[in-house]
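Sequences listed follow chains A and B, in order. Count the first sequence with this note's numbering and you get residues 158 to 234, in order. Count the second sequence with this note's numbering and you get residues 15 to 730, in order.
Simulated from the structure, these hints should not be mistaken for lab results. Treat the hints loosely; a few may be bogus.
Unchecked claim - Using 20 Å as the maximum straight-line C-alpha spacing, the simulated SDA-like pairs for lysine to any residue come out as follows: (1) B/156 / B/108; (2) B/536 / B/548; (3) B/211 / A/164; (4) A/163 / B/102; (5) A/163 / B/245; (6) B/130 / B/196; (7) A/163 / B/649; (8) B/211 / A/204; (9) B/211 / B/155; (10) A/227 / B/518; (11) B/545 / A/186; (12) B/211 / A/198; (13) B/156 / A/164; (14) B/89 / B/124; (15) A/210 / B/208; (16) B/32 / B/699; (17) A/210 / B/518; (18) A/163 / B/196; (19) A/163 / B/155; (20) A/210 / B/108; (21) A/163 / B/108; (22) B/302 / A/210; (23) B/264 / B/71; (24) A/210 / B/212; (25) A/163 / B/545; (26) A/163 / B/539.
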Amino acid sequence: MTVERKSALVEALADQASNLALRFPGYQEQVLERLTRIVMNQDSYAAETARRKAISDEVSALADLVILDKGAEGAGA
Amino acid sequence: MKIRSVGIQNFKLMRDVKLDFSLDPAHPLTVIRAENGNGKTTLLHALSWALYGDKGLPAEARNMRLLDSSTEVGKPERVQVRIDFENKDSQGLTVRYRLIRTLEQTLTGPDPQDVKDGPGSVLLYRITDSGEDEVEVSLIRKLFPERLLRVFFTDGDGVQAFISGSEAAVTRQKEVHNAINALLGLDELRAAAANIKEVASSKRRDAAAAAGGSRKAAEEVLAARETEEREAGERLAECEERLANMTVQKSAWNKELDELRGKGDLDEIQARLATVRAELTVLDAEQKSVLKDIRTLFESETFSWKAMEPVLLQGLTCFETLVDQGVVPGISIEVLRDRVNDGVCICGESLAEHPAEASVRRNHVISVIEENLSRSLESQALTELWHRARTSWDNESARRVEESPENFDDRRQALMDRYTGKTDQIRAKRAEESELDQQRTAIDEVRVDRLRNQIDGVEKKINDANSERGGLKVYFDAAVLARESARAAFEKAEKEAGKSERAELERLIAEDLHEVASSALKAMETEYVSKVAEKTSQMFLYIVGADPEYEAGVFTGVTINDNFDIKVNSRDASLDPAFELNGASKRALTLSFIWSLMEVAGSQEPRVIDTPLGMIAGGVRERMVKAITSPNNLDSQTVLLLTRSEIRDIEDLLTERAGEYWTLTCSKDVKDLVHPWGADRAEVRVCGCTHRQSCELCARKYDAQHGVMFQTRGDI
Numbered sequence: 158m159t160v161e162r163k164s165a166l167v168e169a170l171a172d173q174a175s176n177l178a179l180r181f182p183g184y185q186e187q188v189l190e191r192l193t194r195i196v197m198n199q200d201s202y203a204a205e206t207a208r209r210k211a212i213s214d215e216v217s218a219l220a221d222l223v224i225l226d227k228g229a230e231g232a233g234a
Numbered sequence: 015m016k017i018r019s020v021g022i023q024n025f026k027l028m029r030d031v032k033l034d035f036s037l038d039p040a041h042p043l044t045v046i047r048a049e050n051g052n053g054k055t056t057l058l059h060a061l062s063w064a065l066y067g068d069k070g071l072p073a074e075a076r077n078m079r080l081l082d083s084s085t086e087v088g089k090p091e092r093v094q095v096r097i098d099f100e101n102k103d104s105q106g107l108t109v110r111y112r113l114i115r116t117l118e119q120t121l122t123g124p125d126p127q128d129v130k131d132g133p134g135s136v137l138l139y140r141i142t143d144s145g146e147d148e149v150e151v152s153l154i155r156k157l158f159p160e161r162l163l164r165v166f167f168t169d170g171d172g173v174q175a176f177i178s179g180s181e182a183a184v185t186r187q188k189e190v191h192n193a194i195n196a197l198l199g200l201d202e203l204r205a206a207a208a209n210i211k212e213v214a215s216s217k218r219r220d221a222a223a224a225a226g227g228s229r230k231a232a233e234e235v236l237a238a239r240e241t242e243e244r245e246a247g248e249r250l251a252e253c254e255e256r257l258a259n260m261t262v263q264k265s266a267w268n269k270e271l272d273e274l275r276g277k278g279d280l281d282e283i284q285a286r287l288a289t290v291r292a293e294l295t296v297l298d299a300e301q302k303s304v305l306k307d308i309r310t311l312f313e314s315e316t317f318s319w320k321a322m323e324p325v326l327l328q329g330l331t332c333f334e335t336l337v338d339q340g341v342v343p344g345i346s347i348e349v350l351r352d353r354v355n356d357g358v359c360i361c362g363e364s365l366a367e368h369p370a371e372a373s374v375r376r377n378h379v380i381s382v383i384e385e386n387l388s389r390s391l392e393s394q395a396l397t398e399l400w401h402r403a404r405t406s407w408d409n410e411s412a413r414r415v416e417e418s419p420e421n422f423d424d425r426r427q428a429l430m431d432r433y434t435g436k437t438d439q440i441r442a443k444r445a446e447e448s449e450l451d452q453q454r455t456a457i458d459e460v461r462v463d464r465l466r467n468q469i470d471g472v473e474k475k476i477n478d479a480n481s482e483r484g485g486l487k488v489y490f491d492a493a494v495l496a497r498e499s500a501r502a503a504f505e506k507a508e509k510e511a512g513k514s515e516r517a518e519l520e521r522l523i524a525e526d527l528h529e530v531a532s533s534a535l536k537a538m539e540t541e542y543v544s545k546v547a548e549k550t551s552q553m554f555l556y557i558v559g560a561d562p563e564y565e566a567g568v569f570t571g572v573t574i575n576d577n578f579d580i581k582v583n584s585r586d587a588s589l590d591p592a593f594e595l596n597g598a599s600k601r602a603l604t605l606s607f608i609w610s611l612m613e614v615a616g617s618q619e620p621r622v623i624d625t626p627l628g629m630i631a632g633g634v635r636e637r638m639v640k641a642i643t644s645p646n647n648l649d650s651q652t653v654l655l656l657t658r659s660e661i662r663d664i665e666d667l668l669t670e671r672a673g674e675y676w677t678l679t680c681s682k683d684v685k686d687l688v689h690p691w692g693a694d695r696a697e698v699r700v701c702g703c704t705h706r707q708s709c710e711l712c713a714r715k716y717d718a719q720h721g722v723m724f725q726t727r728g729d730i
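Work out the full structure, taking the sequences as your base and the hints as a guide.
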């Protein structure tokens, strides 16, 4: 994928991430970063299962962040 | 991306051809001049075969020989195409590659499919200052996506697959959709969205399993419905794909059949041949009948009289002489003897022995008797013959007076005229029969029959597939409704059930990611299609010389609708390009679409087009070449394969835009070449002549009318 096409894709993802009502609006940046990585890595894995495992890992990592933040909020409170 | 050079060995008539391509951003065009049948299409196929393998070749040419037909049967030969190209990496640095595709083939007979493939290989190297490093061949698929074969390498007719041709509308839409997705990099996003959706489903199942109870049951129902929907969708997609492939195949077969029919309609020729042969049978019979009449005439008494008349007349004349001489009629010896015995002559005078006067008469009669005795047999026969001849001639003369005034000569002449007439008619019919036979021989009857059977077969399959598609669509729609219903039930159960926090959290995050990805995909498709349509419109109007503001004009713009149908707008209506544009406008539209798509996508891939300017002349030709060869910020490369006729009137423009020129020449054109060059077998060779030059290799007898100047090799 060329640099121009990548930036157009990231721009479109960013637009949608900011326009849509996400369940966890505080993680827009993280969502965008990981989503971009997911898209860019689609052809890095030969097998479908490997692609889904990578996506699942990204989702788990985001969940960890949310839980961590909630824990921090709880501790702060 | 740019092609730097290509080397071709034993691909069809190209035994050893090497070409360099222009890398100059200010002169992005490479002009390859060749007359029809001189290697343009072979070069195009060699490039696409090297990059895409058998899939790069037209459907009808796959699994057939790549070697020239004159290659020795049974002797293995190596076909090889090498492409050196360069590409910019993600840091904008130029990386050079070398692709080498090789295949060993052995011809096993005279037909194109009589070939046995031996070992083959595809190797890709990254070229560095220190040498060549082998890299994964799969990189080729990323750099030259298979779906874009028709964009990168095409010809004047093939390029129209996006808008017209015999292909079904669904196939054309798919071509446009594929081209947009592949060039704009949407395939990765589409795949990512699909995979995220699967992960979201998986997370949902995990969450349901953790929550248990009715929610779990609802989730299982939902999962089952989703599976049914996906499977129904896959079956429907598979059916549509099959339908589209069959339609493409049918189109290819129809095209081939049309080409074969271009040599004459086989049915019509067969029918004419049958008629001519029936007419010949009748003529033969009539000629035999005339011949029989002639034989009868010559066997008749009339002919005998005619043939013998001079001889008979001569005979009768002779008889008259004999009559005059008294030879005929002959005298009866018995009568004379009786007279001598009686002693009285027929005249009454005495034939007695006495007196002396009577004795003299008696001795004379006796001498006549003796004389006649010596010749009596001949005389009698002559007398009989004389009588018969005279009687027959009298009868024949009487018959001639009584019979028809048409004499033998008239009858003979009439019969001979009829015979000659029939002979001429038969000769003319035989010539017609021979000509028709030659026409029929020119048509490959076996191939035509096979194509007809194949087309009939595929038509039946297309009908079956259409019926199947209808059923599958109904089933798929029902599956969508069932899934939506299950989803509603699940969401209801979800609210009622307690939540498993971690699993639920992951599910929600996955669904968020899916929503963003799928929305971005939709937005990009809409936005990019809109951009492509806008640029296509501008370029098309420029090429065809249309002014949308001009009230009496025909074209006002181009749009691409939600179904990926390309439409040309007129004053108060939209025009279907497949049926309502002329050949030049069709080419202008499709090239505008390809160029706009690549520009919007920022694509730098080379575009190689064979004979793009056929059917295009005047201002449209000049503006088209200007539009597709203009240097741009994408630094893209254009290769045009042109005939001398296509080059005419745009020589200056080509000089301005081109950085490399080559001329391909095939030795088979001995009648057109000024200096026919010897080769054991037909062969395509290359020289560095520009579109204004010719040399000993490429000079043609009609070069002067194209403004081409001869120069010896040393001058070039």
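Taking the hints in turn, this is what the structure says about them:
Taking the CA atoms of residue 156 of chain B and residue 108 of chain B, the gap is near 16 Å; set against the 20 Å cutoff, the hint holds. A distance of roughly 18 Å separates the Cα atoms of residue 536 of chain B and residue 548 of chain B; the hinted pair therefore holds under the 20 Å criterion. Distance hint between residue 211 of chain B and residue 164 of chain A is unfulfilled; the C-alpha atoms sit about 24 Å from each other, more than 20 Å. Proposed proximity of residue 163 of chain A and residue 102 of chain B is supported: the alpha carbons are some 14 Å apart, at most 20 Å.
Under the criterion of a C-alpha separation no larger than 20 Å, the hint pairing residue 163 of chain A with residue 245 of chain B is inconsistent with the structure, at around 32 Å. A C-alpha spacing of about 34 Å is found between residue 130 of chain B and residue 196 of chain B, which places the hinted pair above 20 Å, so the restraint is violated. Taken as a hint, the residue 163 of chain A and residue 649 of chain B pair is honoured in the structure, with Cα atoms around 19 Å apart against an allowance of 20 Å. Restraint check for residue 211 of chain B and residue 204 of chain A: satisfied, since their Cα atoms lie roughly 17 Å apart, inside the 20 Å limit.
Simply put, residue 211 of chain B and residue 155 of chain B have alpha-carbon atoms about 26 Å apart, too far for the 20 Å limit, and the pair is violated. For the suggested pair residue 227 of chain A and residue 518 of chain B, the alpha carbons sit about 15 Å apart, so the restraint of at most 20 Å is met. For the suggested pair residue 545 of chain B and residue 186 of chain A, the alpha carbons sit about 28 Å apart, so the restraint of at most 20 Å is broken. For the given pair, residue 211 of chain B sits about 16 Å from residue 198 of chain A by alpha-carbon distance, which is consistent with the 20 Å threshold.
Between the alpha carbons of residue 156 of chain B and residue 164 of chain A the distance comes to roughly 18 Å, so the proposed pair stays at or under 20 Å and holds. The suggested pairing of residue 89 of chain B with residue 124 of chain B holds, with an alpha-carbon distance near 13 Å, which does not exceed 20 Å. For the suggested pair residue 210 of chain A and residue 208 of chain B, the alpha carbons sit about 13 Å apart, so the restraint of at most 20 Å is met. Taken as a hint, the residue 32 of chain B and residue 699 of chain B pair is honoured in the structure, with Cα atoms around 9 Å apart against an allowance of 20 Å.
A distance of roughly 18 Å separates the Cα atoms of residue 210 of chain A and residue 518 of chain B; the hinted pair therefore holds under the 20 Å criterion. Straight-line distance between C-alpha atoms of residue 163 of chain A and residue 196 of chain B comes to about 13 Å, which keeps the hinted pair within the 20 Å bound. With a C-alpha separation of about 18 Å, the suggested pair residue 163 of chain A and residue 155 of chain B falls inside the 20 Å cut-off, and the hint holds. Restraint check: the Cα-Cα separation between residue 210 of chain A and residue 108 of chain B comes to about 34 Å, which exceeds 20 Å; the hinted pair is violated.
For the given pair, residue 163 of chain A sits about 18 Å from residue 108 of chain B by alpha-carbon distance, which is consistent with the 20 Å threshold. Only pairs whose Cα atoms come within 20 Å are accepted, and residue 302 of chain B paired with residue 210 of chain A is rejected, the gap being roughly 92 Å. For the given pair, residue 264 of chain B sits about 16 Å from residue 71 of chain B by alpha-carbon distance, which is consistent with the 20 Å threshold. A hinted pair counts as satisfied when its Cα atoms are at most 20 Å apart, and residue 210 of chain A with residue 212 of chain B qualifies at roughly 11 Å.
In summary, the hint linking residue 163 of chain A to residue 545 of chain B is supported, as the alpha carbons are separated by about 17 Å, within the 20 Å threshold. Only pairs whose Cα atoms come within 20 Å are accepted, and residue 163 of chain A paired with residue 539 of chain B is accepted, the gap being roughly 15 Å.
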